[in-house]
Every structure is written in structure tokens, then in C-alpha cells.
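One-letter residues, chain by chain:
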Amino acid sequence: MSRPTALAIAICTLVALVLPQPADAQGTLRLRGYFVGGSTWLTATDSFDAVAGSHRASSIGGGAALTIWKDAFVDVAVLRMKVDGQRVFVDQGTVFDLNIPLHVTMIPFDVAGGWRMAGRVSPYGAVGVSRISYSERSDFAAPGEDVNSSGTGLLVLVGADVTFSRLWHVGADLRYRSVEGPLGQTGVSAFFDERSIGGFAASVRVSVGH
Amino acid sequence: MTRSTIERVVLAWNEDLPYIPGEVLVKFRSGTTTASQSGALSILRGPVDAAETEWIGDVLLARTTSEPDAEAAAAALRRQPEVEWAQPNYLRRLHATPNDPSFSRQWNFEMIDMTRAWDINPGANANVVVAIIDTGITTAAASYPFPLWTGSRFETVNLPFAVSPDLAASRIMPGRDFVFWSGPVLDMVGHGTHVAGTALEETNNNLGLSGIAYGARLLPLKACFGYWDLQVLRSAAGIPGFVNPNETGSCPDSAVAEAIRFAADNGARVINLSLGGSSPSAITLDAMNYAVGRGSFIAISMGNNFERGNVPQYPAAYAPQINGAVSVGAVGRSQRRAYYSGTGDHLELVAPGGDLRDGGLPGVIYQMGLDEFDIDPFVIIRPRFDHYFEEPQEGTSSAAPHVSGLAALLYSQGITTPAAIEAAMKRFAKDIGAAGKDSEYGNGLIDARATLRGLGVAR
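As they're listed, the protein sequences go chains F and E.
Just so you know, we're using our numbering here: the first sequence kicks off at 3 and counts up by one.
Just so you know, we're using our numbering here: the second sequence kicks off at 99 and counts up by one.
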């Protein structure tokens with residue numbers, strides 16, 4: 003089990019155990035833990051299309067939303083995205099696969115503040131920052147040739163939860179991250195002049211808490 | 099070859115002429131009728147010998163005994179409206195300088211990071227065919243009775259040949275001889291064997307030296323002749339005497355162009371040309387365009403005449419105008435330009451070629467070659483071509499097959515077009531000398547590992 007997934011489950015469990023009481027009074031802190039799973043369409047489309055044949059990555063993770071005043075909340079989440087492909091050479095737009103396995107892992111850590119509308123169906127929106135840890139490993143790499151880096155940028159978060167019971171909610175979670183990181187300097191991303199390690203993520207969100 | 103052709107070749111060899119006298123290569127404009135072609139040829143001082151005329155692709159090799167000055171004949175033909183171009187049948191020279199045998203150190207492979215490159219791609223595979231257009235690489239272990247002039251009379255001598263012990267017979271294709279005979283390809287110079295060694299010699303076989311693309315197949319194409327080839331041909335034609343032993347080898351444009359086309363038509367993904375001359379050659383340019391268009395990458399030596407005027411050498415000077423053909427200069431052991439290596443704006447890449455002035459004999463390129471004591475024309479009249487040794491050579495002839503070998507690896511790794519192979523080598527070349535592309539090192543020194551490893555997303 004990946005670290006973000008384990009963290010998400012831990013948060014959900016903690017929320018369920020620690021905060022079982024009703025909390026509909028305004029001004030009371032309310033905590034909702036959640037698990038998200040879905041897909042991210044990466045902004046560096048040409049680069050990821052070249053190495054992986056697709057710029058879509060599965061993402062999985064979890065987080066917690068803490069309502070701090072009326073319906074204002076702070077949301078913290080950590081996710082994990084993985085892209086498997088191979089090293090390539092690009093000449094005049096043609097991509098040549100080199101059959102050298104390559105693995106990219108991105109771990110966004112999102113912090114956002116926003117507003118949630120009350121009701122059985124409760125839409126929400128938030129803005130914040132996302133810090134993405136980026137790692138790229140490939141076969142035959144010498145020490146120092148793999149990439150471990152990170153970048154921080156804008157996060158926009160919208161979604162809606164549907165309440166099914168006192169504690170359980172299911173909804174859709176959309177995130178847009180605009181984060182410049184290690185791309186665009188060398189590698190195929192430089193060829194395509196793509197710098198962002200962000201993208202647009204759409205996930206199913208299962209929450210527990212209030 | 100007919101007696102008259104041999105006589106012309108011997109004359110060119112002995113007189114150090116840049117072309118074969120009386121031979122002109124002519125390309126007619128498309129749509130020119132046979133009658134119009136004959137009309138155009140009729141302006142020559144004497145008749146074209148129809149029996150000795152031959153077509154190389156869409157180019158006519160015309161022979162006439164009455165106009166030995168091929169430059170003049172070609173100039174006259176160029177003025178005819180039916181003629182697109184005409185040129186003498188130039189003789190290209192081999193770009194190597196043999197040295198005394200001694201050490202067997204392949205510092206050259208470490209310089210281009212071959213050891214780690216082989217981790218990624220161990221020697222290409224048998225689907226990749228590398229054509230070496232040169233003096234031949236012997237493909238048969240046999241003795242052949244050839245006539246030889248012994249100083250006072252002709253004598254039929256059984257000349258023994260053997261395949262290089264460091265080239266697996268299973269990887270050697272039959273090949274083709276364009277200058278000597280219709281039998282098996284035979285190397286009577288050693289140059290072709292040495293060049294082939296750098297690109298393709300067996301590796302990890304506990305014998306001799308190593309080669310870059312040791313899993314690829316070798317297509318030996320003999321388009322150049324040396325002293326012994328010519329001596330046998332001359333003797334077979336009944337012409338007494340010896341040819342000039344100072345010459346190292348010559349390659350008629352007609353044979354080179356034919357070999358290039360043959361290579362492309364027979365699946366060669368890589369063609370090595372370790373030869374050149376100072377005269378432009380339209381027929382070679384046409385053939386190279388044809389080959390690249392059919393998917394063959396071409397590596398061409400820059401030439402060794404830096405200290406002799408540094409005149410641009412062809413076909414290397416054509417390389418920049420062909421996306422998929424690369425001109426290759428030489429560096430010595432300390433990654434400085436070898437003293438002989440030609441320079442100019444048309445230089446695209448450099449590779450190890452050896453440099454006696456940069457480290458002495460340990461600083462040249464060692465590959466398996468013919469034992470030069472068995473074939474030394476100054477002291478031998480009955481040579482043998484079945485002894486091989488680790489032969490030291492320096493020259494851009496030795497640099498070019500580094501690029502050819504790497505091209506074979508790149509092809510088997512997945513870069514399958516000549517233009518992309520050229521682009522990859524340039525992209526990952528180590529920039530030495532002045533920053534950026536320069537006339538001494540081109541785009542830099544090839545880096546086998548970096549080129550094979552290609553690009554990730556971020557690095």
C-alpha cells in the first residue's frame with residue numbers, strides 16, 4: 003500500500019473514531035476525512051504522451067477537510083500519481099521508443115481554504131497551494147541521473163458531496179494544479195517546452211465525518 | 099575488368115591521377131531518348147566503346163580510349179543540353195595511415211563510453227546490417243591461383259585467404275566485389291578488415307579485440323583496390339611489371355556509387371565510407387541520397403589531409419546537405435583533434451581515430467587486420483592473406499566506423515530513420531573545442547551511452 007493511501011485511510015479512521023458526535027452548530031469545528039481516487043490529465047501532454055503513450059495518470063490518496071467557521075473549511079490532501087513508460091528520442095515530432103523502462107511518481111500535497119454549501123448535496127470550492135514531489139527513475143541510470151525534485155504552485159479545488167448517512171458522503175472532486183517543477187530544462191519536456199508538473203484531476207471522493 | 103580497363107587503372111595508380119583515364123560518368127536529363135544520348139556522346143573526340151559501357155542506376159559509365167583526359171571529356175559532355183551532369187570516374191583514396199604493430203589498447207571505446215553503452219545495448223542484433231564499402235573483408239577461407247609477375251615472368255601462385263578469426267562467419271554476409279572479380283569478397287589490403295573491426299569485431303569471445311556492434315551483420319562490399327588487387331589484375335591481363343607500391347588504395351566513383359546503391363537495396367541500415375577525394379562526385383551524391391531515402395544511415399570519414407592543404411574531401415563534404423549522412427573527423431587520446439584530421443564547416447561529428455603524436459603507438463586504433471609483413475609490396479612478391487594480427491592504424495578511416503557501429507546500436511535500440519540517428523548523435527555529442535558547433539570538432543565527440551539512453555521526461 004502506498005504512503006498516501008495509507009495516510010488517507012488513517013485519516014478517515016481517525017475522523018470516524020474521534021468525531022462521531024453531531025456538529026451542526028455554526029462555529030463548531032467539524033472534521034471530515036476522505037479518500038479520493040481518479041485520474042489526472044497532466045499539463046505536459048506532449049512529454050508524457052511521448053514516454054508513456056498517454057498524459058493521463060491514475061491518482062489515489064486522501065485528506066481531511068476541517069470546517070473552522072460557519073461553512074468555511076481548510077482542506078489538506080496528499081495523493082500519489084504514477085506514470086510508467088520508456089525513454090525516448092524525438093526528432094522532428096517523431097517519437098522513437100528506446101525500450102528503457104522509465105517510472106515517474108508525483109506526490110501532490112494540497113492545502114486549500116474554501117467554502118462549502120450546506121445541504122444533503124453540498125458543493126464546495128477552494129483555492130490554495132500544491133507542492134508536488136516529482137521523482138523520475140529509469141533503468142541504466144548512474145548515480146545522480148535520476149530526478150528527485152519538487153515544485154509549488156496554485157491549486158483550485160471544486161466538488162460536491164452527497165450525504166448518504168450521518169457520517170458517510172460520496173462525491174466528485176476536481177482539482178487543477180499549476181505547478182512548475184523540474185520539467186523544461188532537459189529531457190523530452192525541454193524539446194516540447196513544457197514546464198508544468200500539474201494538471202487537471204477528477205476523482206471520486208468518499209468522506210467520513212461531519 | 100577488361101585489359102584496356104586494367105591498363106587505364108594501372109596508369110591512374112602509377113601516375114597518381116585523380117581519375118581513371120577515358121572513363122566518364124554521365125547522367126542524362128529525364129526523358130532523353132537513346133538516340134539523343136548517342137548524339138550527346140558523339141561530341142567526344144573518339145567513339146564510346148559500346149561493349150564496355152555500363153549503367154549504374156540511371157548513370158552511364160562511358161569508356162573511350164581516344165580521350166584519356168576524363169576532365170575534358172566530362173566538361174564537353176556537361177555542355178550538351180541532354181546531359182544533367184557528367185564527371186570523371188574519380189578515384190577516392192583510403193583515409194588511413196598504417197603503422198607498425200605493437201600494442202592492443204582500445205582506449206577509444208572508453209572515450210565514447212562504450213562499456214556502459216553495452217550495458218544498455220549489447221552489440222545490436224542480427225536484424226541490423228552494416229555495409230562496409232572499402233577494400234573488402236575476406237569472406238572465404240581458401241587458396242586461389244592468381245597470376246603474378248615475379249620480376250622476370252608470370253607465375254600462377256596459390257594465394258591463401260582466411261576469414262578474420264575475430265569475425266564470426268555467421269555474421270558475415272556474402273557481399274559483393276565491384277572492382278576485382280565475381281568471386282568471394284577478398285581483402286588484399288587490410289583496410290576494410292580494420293574498419294569493419296571497429297564497427298563489428300567479435301566481443302566477449304576471449305580473442306583479439308572488440309567491436310562496437312558485435313551482434314550486427316556485416317555486408318562486405320569491395321569498391322576499392324590495393325596494390326595486390328591491381329598487381330593480380332595486371333598480371334592476369336598479361337601486363338608485365340609492378341604497380342607503384344607507395345599507393346595504399348583507390349576506389350573508383352563508379353564502384354563506390356554502385357556499392358552504396360547495392361547496400362541500400364540489400365537492407366543495409368548503416369553504410370560506412372572510410373574514403374574520399376578532393377573532387378566533387380555527383381554520382382556518389384546521387385547514390386547517397388538514394389541510400390538515405392531507402393533508410394540507410396551513412397558515416398563518412400573527413401579525410402587526413404589537414405597538413406596537406408586541408409582541401410575538403412568528397413563525399414564527406416556532401417554530408418551536411420543529407421539528413422542521415424554524417425561526416426566524421428578524428429580525435430586522439432586526449433580528445434584533441436588528430437593532427438591529420440580535416441576541418442571545415444562541413445564537419446559534423448568527431449570520434450576516436452588515433453594520433454601518433456598524442457601518445458605514440460598506444461594512442462592509435464587497434465583492430466584485427468592483415469599481417470602487414472605478409473603483404474608488404476616493397477619486399478614480397480608472393481603475398482599471403484590468411485594471417486591476422488592486432489593492427490595499429492590512425493586516420494579518419496578509423497573514426498568513421500565508431501559512428502557506424504553506434505548507428506547500428508541506435509537502430510536496434512529503436513531509432514530507425516537515418517535522419518533521427520544523425521540528430522541523436524549530434525544531440526548527445528560531447529561539446530569539445532570551441533563552444534557549440536565548430537570547424538574542428540563539428541557538433542562534438544560522439545557519446546555512445548548518452549545517445550543510447552535518450553531522454554526521459556525531465557532529464
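Hints are supplied without guarantee of correctness; some may be wrong.
Stated by the list, open to error - Under the rule of at most 25 Å between Cα atoms (straight-line distance), these lysine to any residue pairs were calculated in the SDA-like manner:
| # | chain 1 | residue 1 | chain 2 | residue 2 |
| --- | --- | --- | --- | --- |
| 1 | E | 535 | E | 392 |
| 2 | E | 524 | F | 193 |
| 3 | E | 524 | F | 148 |
| 4 | E | 535 | F | 95 |
Honestly, the hints are just simulated from the structure, not real lab data.
Here is how each hint holds up against the structure:
{"no.": "1", "hint": "E:535 <-> E:392", "in the structure": "28 Å, violated"}
{"no.": "2", "hint": "E:524 <-> F:193", "in the structure": "14 Å, holds"}
{"no.": "3", "hint": "E:524 <-> F:148", "in the structure": "23 Å, holds"}
{"no.": "4", "hint": "E:535 <-> F:95", "in the structure": "23 Å, holds"}
When each numbered hint is compared with the structure, a violation occurs for hint 1 only.
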